Amino acid sequence: MASIPSTRQNPTASSSIDIVEGRSLWQDALSRLKQNKLAMTGLYFLSFMILIALLTPWIAPYSYETQNLDMGATGPSWAHWLGTDTFGRDLLTRIMYGGRVSLMVGFVATAVALVIGVLWGAIAGYVGGKTDAIMMRTVDILYALPFMIFIILLMVVFGRSMLLLFLAIGCVEWLTMARIVRGQVRVVRKQEYINAAIAMGLSHWHIITRHVIPNILGPIIVYVTLTIPSVMLLEAFLSFLGLGVQPPESSWGLLISYGVESMEEYPWLIIFPGAVLSLTLFALNFLGDGLRDALDPKASKD
Amino acid sequence: MIKFILIRLLQAVPVLFTVVLVTFFIIRQAPGGPFDSEKAVSPYVLEKLNERYQLNDPVHVQFGNYLVDIIQGDFGPSFTYPTRSVSEMIFTGLPVTFELAINALLVALLIGIAAGLIAAIKKNTAADYVSMSTAMIGICMPSFLLGPILILVFGIYLEWLPVSGWGYSDGDKILPSITLGAAYAAYIARLTRGGMLEVLGQDYVRTARAKGLAEHVIIFKHTLKAGLLPVVSFLGPAIAGLLSGSFVIETIFQIPGLGRFYVDAAFNRDYTMIMGTTIFFSVLIVAFNLLSDIIAVMLNPRLSYNEEQM
Amino acid sequence: MVTNVRITCVKPRERGDKILSRGDWLICLCLLFFTACKPMISNVDKAIDEQILHFGNGAEPQSLDPHLATGLPESHILQALLEGLVGVHPQTLAPVPGAAKSWDVSADLTEYTFHLQPNGRWSNGDLVRAQDFVYAWRRLLTPSVASEYSYQLHVLKNAEAFNKGDISDFSKVGVKALDDLTLQVTLRAPTPYFLSMLSHSSTFPVHQGTIETFGEMDDRGNLWTRAGNYVGNGPFVLTEWALNRIIRVEPNAHYWDAKTVKLNEIRFYPISNITTEERMFRSGTLHVTNELPKEKIAPYKTKQPDRLRIDPYLGTYFYRFNTNKKPLDDVRVRRALAMSIDRQQLVTAVLKGGQIPAYNYTPPNTLGYTPEAKLVFDIEKAKQLLTEAGYPNGEGLPPIEILYNTSESHRKVAVAIQQMWKINLGVDVAIFNQDWKSYLSTINNANYSIARAGWIGDYVDPNTFLNVFLTGGGNNRTGFANSEYDKFIQLASTATNQTERYAYFQQAEAILVDQVPIIPIYTYTRVFLKHPSVQGWYANVLDRHPYKHVYLATPATTPSEATHD
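Chains as they are written, first to last, in the working numbering: chain A, 1 to 302; chain B, 1 to 310; chain C, 1 to 565.
These are calculated hints, taken from the structure and not from any lab test. Note that this is a predicted model, so its numbers are computed, not measured. Beta carbons: idealized from backbone N, C-alpha and C, even for Gly. Any given hint might turn out to be false.
What the hints assert, rightly or not - Per the computed footprint, the stretches of chain B lying under chain A, defined by three or more beta-carbons under 8 angstroms from a beta-carbon of chain A, are:
#, stretch
1, 21-29
2, 46-59
3, 72-81
4, 93-99
To be verified - Only pairs whose alpha carbons sit at most 25 angstroms apart, straight line, appear in this in silico BS3-like list of lysine-lysine:
#, chain 1, residue 1, chain 2, residue 2
5, C, K352, C, K303
6, B, K225, A, K37
7, B, K225, B, K122
8, C, K381, B, K39
9, C, K259, C, K101
10, A, K34, B, K122
11, C, K46, C, K487
12, C, K259, B, K39
13, C, K101, C, K46
14, C, K352, C, K294
15, C, K352, C, K262
16, A, K190, B, K3
17, B, K3, A, K130
18, C, K301, B, K39
19, B, K39, C, K101
20, C, K326, C, K422
21, C, K422, C, K325
22, A, K34, B, K225
23, C, K381, C, K422
24, C, K262, B, K39
25, A, K37, B, K3
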C-alpha cells in the first residue's frame, strides 16, 4: 500500500501531511508512533510476550503436563517461581504454554473477524441500497441465532481442532465489527473526496480498499483492542465446553477460569495468569491508542 | 423517518422468519434429544414421549404446526419442565433480567461517564491514566472473576451485602448490578473520554475559554451534550447486550432471570424453549439495532433516512 | 485486582474542584447505603426460633408429579410432599411404616398385603385409601403417561406388559385394593428389594380427584402440581413454587404422624452453581448444601470440621470401554488400562472427599453384599498384558480418547488418569468433553472409545448395579455381551434365598472383573455442608433424610465442636 501514497491521504489531515516529499501515511505514522513512549512500551512488551511464546518449548523450566499429585498446589518458591497448580504442575510453565494458545487465538481469530467484518461492513456501507439492506439483515439474523446450539453443532460436525476454534470465534466476532464499519463507511461515503475518486473513474474496489477503509482505521483499531480480550475469554469458554484446547494443554483464559474456582485457597493460581493477561491487554491497548493517534494526527480523541 | 422505520419493520419479517426457520431445523440436528437421560428411557416410553410432543411427525409438518401456533401466540409447553409453558417461563424471567439490565446500565453510566469526564478534563495526568487503566481492567476482567471477588469482599468478609438472590433481602441487587455494569462502565468511560476530547478541542471551546467562562460552565453547558454522542449511540447495542448477556451474573448470584433459561434450554435440548427465547431475543436485537441506526442518523446530519432506508 | 476495581469510585474524591464535588456527594450516598445494610441477620441466625430449614437443592425441579419426576432435586421435595407405603429408617434405611401401618408377605415372597394407616389423610382431609395406590400405580404404568421411571414397578405381575401396551386391562396387573385400607400386591418373582423400592418417589400415591380436577390423567402439563392445587399425603404441603427461585413447604396438619413433625417450614433453593452454593452457606443463607467444590474440602476439614459432611453413598464412578472398538476389543488392553490406575492416589490427591477406591463394580456392603473378585493395581502385569496384545510400551496402539461430560471434577479425574497411563504404560490418550446431551448421544451410539460414567443405586441391592450390564440393556452402552453373565443375573432373580442369590451375583461380578467392560474407579461419597444446628439428619447410602425427624437446635458441645472457631 505504501507505493501509492498520494491517494491515501487523510482528507482531514491533508494540510499536515507533506505530500510533495512523497512520505507515505505509514512512514509518517511510524515516526509519530516512535515518539509515543507508552505505545512503544506496549509494542516492546507485546514483542517480548510473542518471543517468549515462540521460544517456550525450549526455555520452559518444566514440562507442562507432568504431574506431581502428592505435592499438589504450592505457593511461589525457588523451585517454582509462580507456584504449582492442584496437579503439582509448574504454573510458570503452564502460563508460558497457555500464552502460545491465547496469543494465537487472540490474534488469528481477531484477524479473521477483522477481515470478514471490515469487508462485509465496508461493502454494505459503500454500495448502500438493497445490497446494504440484505447484508445487514443477514448480520441481524446471525446475531439472533442461538449461539450455544451453533457451538454444539460445530463440535459434532467438525470434531475438535484449534482451526475450528478460530472459525467459531471469528464467526461470532465479525458481526459487531461489520456493524461498526458499515456505520462509519456510511459517513465517509458522503465525503467529497470519495465522489471525486468516483468521478476520476477509479474502480469501486480500489476506492474501498485505498480510500474508505484507511479513513476509518481509528474506530477499527479501537474495536480490535476491545475484541482481543473478549476473544481470549471466549476461547476459554469454548474450551470449557469442549471446543478447542483440551487438557493437558491450557490457555490463559482457562487458567483464569480454573483459578477462580479456588481463589481463596490458592490465590496465586488466579493472580499470576490474571496479571499476565491484564499486562498483555494493557500493552495492546496502549499500542492501539498510539497507532490510532499516529494515523490520525489531528484528532486527539481517546 | 416514519417511512424509514416502517420499511425496517417490514424487513424484520423476513429476518425473524429466517431465524425461526433456521433455528427450528438446526436444533433438531444437535446430538441428543430432549428426553435422553442418564438412566436410559425404554424405547416404548420414548416413543410415547415423542408422540406426545409431536416429534414423530416429519420435520416440515412440525414446522408448519409450530408457525400456526406462534402466530396465535402459543409457544407451546417446555419439554424440560412439562407443567410450564414457554410464555410463562419467559415472562417469569423477563422482569428480573430487565431490572438487572437497567440497574447495570445506570451503574455503567454513572461510573463510566464520571471516569471518562475526569480522564478527559485531566488529560495526561495521573487521574487520566488511573481512570483509563481501571477502565481497561474493567473490560478485560471477566464477570465470572469480578463477581466472586465482590461477593467475597462485600458479602463474606465485610458482611455488608447479601451474596445471592434478587429482591429476597435488602441490598441483594447491588452486587449483581455492579458486576454486570462494570464492563459497560469501562466501555462508556473510554467513549466519554474520546468524545469529550474531540469536543474540547473544537474552536468554540477555545473561544469560550478565552472569554473567561468558568470551566464547569464550559463542560456542562457547552460540551457535555456533544461529547456524549458516542455514548448515546452505544446505548442500543449495550441494552441488547445487557439483556442477553446476563447468564453468568444470574448463575453467580442465583438470580431467576431469562439468561439462565436461554442457556439451559440449549443444553437440555428443550426445543420449544430454545425457539421461544430465540424469537424473543431476535425481536430485541432487531429492535435495538433499528434504534441505534435511527440514533446514528439523528446524530449525524450528513446521513438521511431516505438514503438509509434501503 | 480488588483494589483496582474500587478505584473508579474512590478516585474522584481526591479531586477538589466544583465538577467533582457532585461525584463526592454520590460516593457518600453510596457508602451510606452500603453501611446502612449492616448488620445483616442471616437465615441461619433466625432459624432455631423459626424452625425453618434452608436447603440447597441443586437444580430447579422439572416436575413435582411423582410419575414425571426423574432427578434427585425432585425426589428431595417429593419425600416431603408425599409418602409411600413404606418409609425408611433415617439411620439404617430399614423399611418402617409409612402410608402402610404394617404388611404381610406370603411364604413364596411374591404376595404382599399392606394395611394402610387407619388415620392416613391427604392434605385436604380425605382418607388415604388403597384405591389411591391402585390409581397411582396404574397412572405410572399407563403408556400414554410415558413415565420414565415406570420400570420401577415392572416387578409387579403383568406390569411390564401393561406398560408396553401389550395388555390394556389393568385388573390383570398385580395390584388390588381389597378394601379401603388393604392393598394386595402380587409380584412376578420373589423380589427381596421390593420394600426398599417402595420408598422411591415413583411409587408414591397421587390424589385422583385433584389430578382430574386440573386435567386428564395422562396430561403431562397437568397443573395439579402447582402450589395451592397440590394435594399430598406427606408430612408437608406445598405452599410456594417460584420458578428458579424457591420452593416452600409447610407441615401438613392432616398427616397421620403430624406430632413427629417439628419443622415449621422447609425452603428448597434451586442452586445450579456449587461455588455460589458454598458462599450462600457461608453467609448463613443455607443450612444444608447439595455439594461442595473439591478445593473447599481441605479448608473445611481444618477450620470447620463440624460443618463438613462426608457420607457414604450408593454409587460407583467408572469408565466405560467401547468393547467393539479397536484396540479396546482386546480384553488384554482393557485389563492393562484398568490395572494401571493408581486409585488410591486419585482419591487422596485429586478427589479429596473420602471416596473409596473401587476395584470392582458394586459398592462394598450393599445390603451385606461385598464383591469378592477384584482388579489389582499392578503396573508390571499391565505392561506385560499390553506387550502380549502387541503394543509394547503403547507402541502402535490406535488412538484412544477419554470422553467426559462437561464438568470440572470429571475433567480433573480424566487429566490425572491420562497422565497415569502415559507414565505407567507409555500410552498416550486424548481427553475431550461434550455437553450432557451430546455425551449421552455419543455413548448411546457407541461413538467413543472410553467414556466416564457413574451409576447410583435406586434401591439398596446389588441387582440395581449388576442388571445394568445385561446383554443389550439400555444402560449397558459398552457393547459387553456375555451369556454367562446374563445367566447368573437371571438365576439370581429367581433365587429363593439371599445366600444363593448373592452367590450368583458374585459369579456375575467375577465375569465383569475378568472381562473389564468397565473400569471401576471409586465408590462415591456425598460431600456437602451441614450447619451444626440441623438435628435428626443422619448419614445413609441413599441420601434419604425423612424430614419429619429433622429439627433445628443449638448443638450440644461435643469434642469435635471445640476445634471450631
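Now the hints, each set against the structure:
no.: 1; hint: 21-29; in the structure: holds (count 5)
no.: 2; hint: 46-59; in the structure: violated (count 0)
no.: 3; hint: 72-81; in the structure: violated (count 0)
no.: 4; hint: 93-99; in the structure: violated (count 0)
no.: 5; hint: K352/C / K303/C; in the structure: holds, 16 angstroms
no.: 6; hint: K225/B / K37/A; in the structure: violated, 32 angstroms
no.: 7; hint: K225/B / K122/B; in the structure: holds, 19 angstroms
no.: 8; hint: K381/C / K39/B; in the structure: violated, 35 angstroms
no.: 9; hint: K259/C / K101/C; in the structure: holds, 16 angstroms
no.: 10; hint: K34/A / K122/B; in the structure: holds, 24 angstroms
no.: 11; hint: K46/C / K487/C; in the structure: violated, 58 angstroms
no.: 12; hint: K259/C / K39/B; in the structure: violated, 38 angstroms
no.: 13; hint: K101/C / K46/C; in the structure: violated, 36 angstroms
no.: 14; hint: K352/C / K294/C; in the structure: holds, 7 angstroms
no.: 15; hint: K352/C / K262/C; in the structure: violated, 35 angstroms
no.: 16; hint: K190/A / K3/B; in the structure: holds, 22 angstroms
no.: 17; hint: K3/B / K130/A; in the structure: holds, 16 angstroms
no.: 18; hint: K301/C / K39/B; in the structure: violated, 34 angstroms
no.: 19; hint: K39/B / K101/C; in the structure: violated, 32 angstroms
no.: 20; hint: K326/C / K422/C; in the structure: holds, 19 angstroms
no.: 21; hint: K422/C / K325/C; in the structure: holds, 20 angstroms
no.: 22; hint: K34/A / K225/B; in the structure: violated, 35 angstroms
no.: 23; hint: K381/C / K422/C; in the structure: holds, 16 angstroms
no.: 24; hint: K262/C / K39/B; in the structure: violated, 35 angstroms
no.: 25; hint: K37/A / K3/B; in the structure: violated, 51 angstroms
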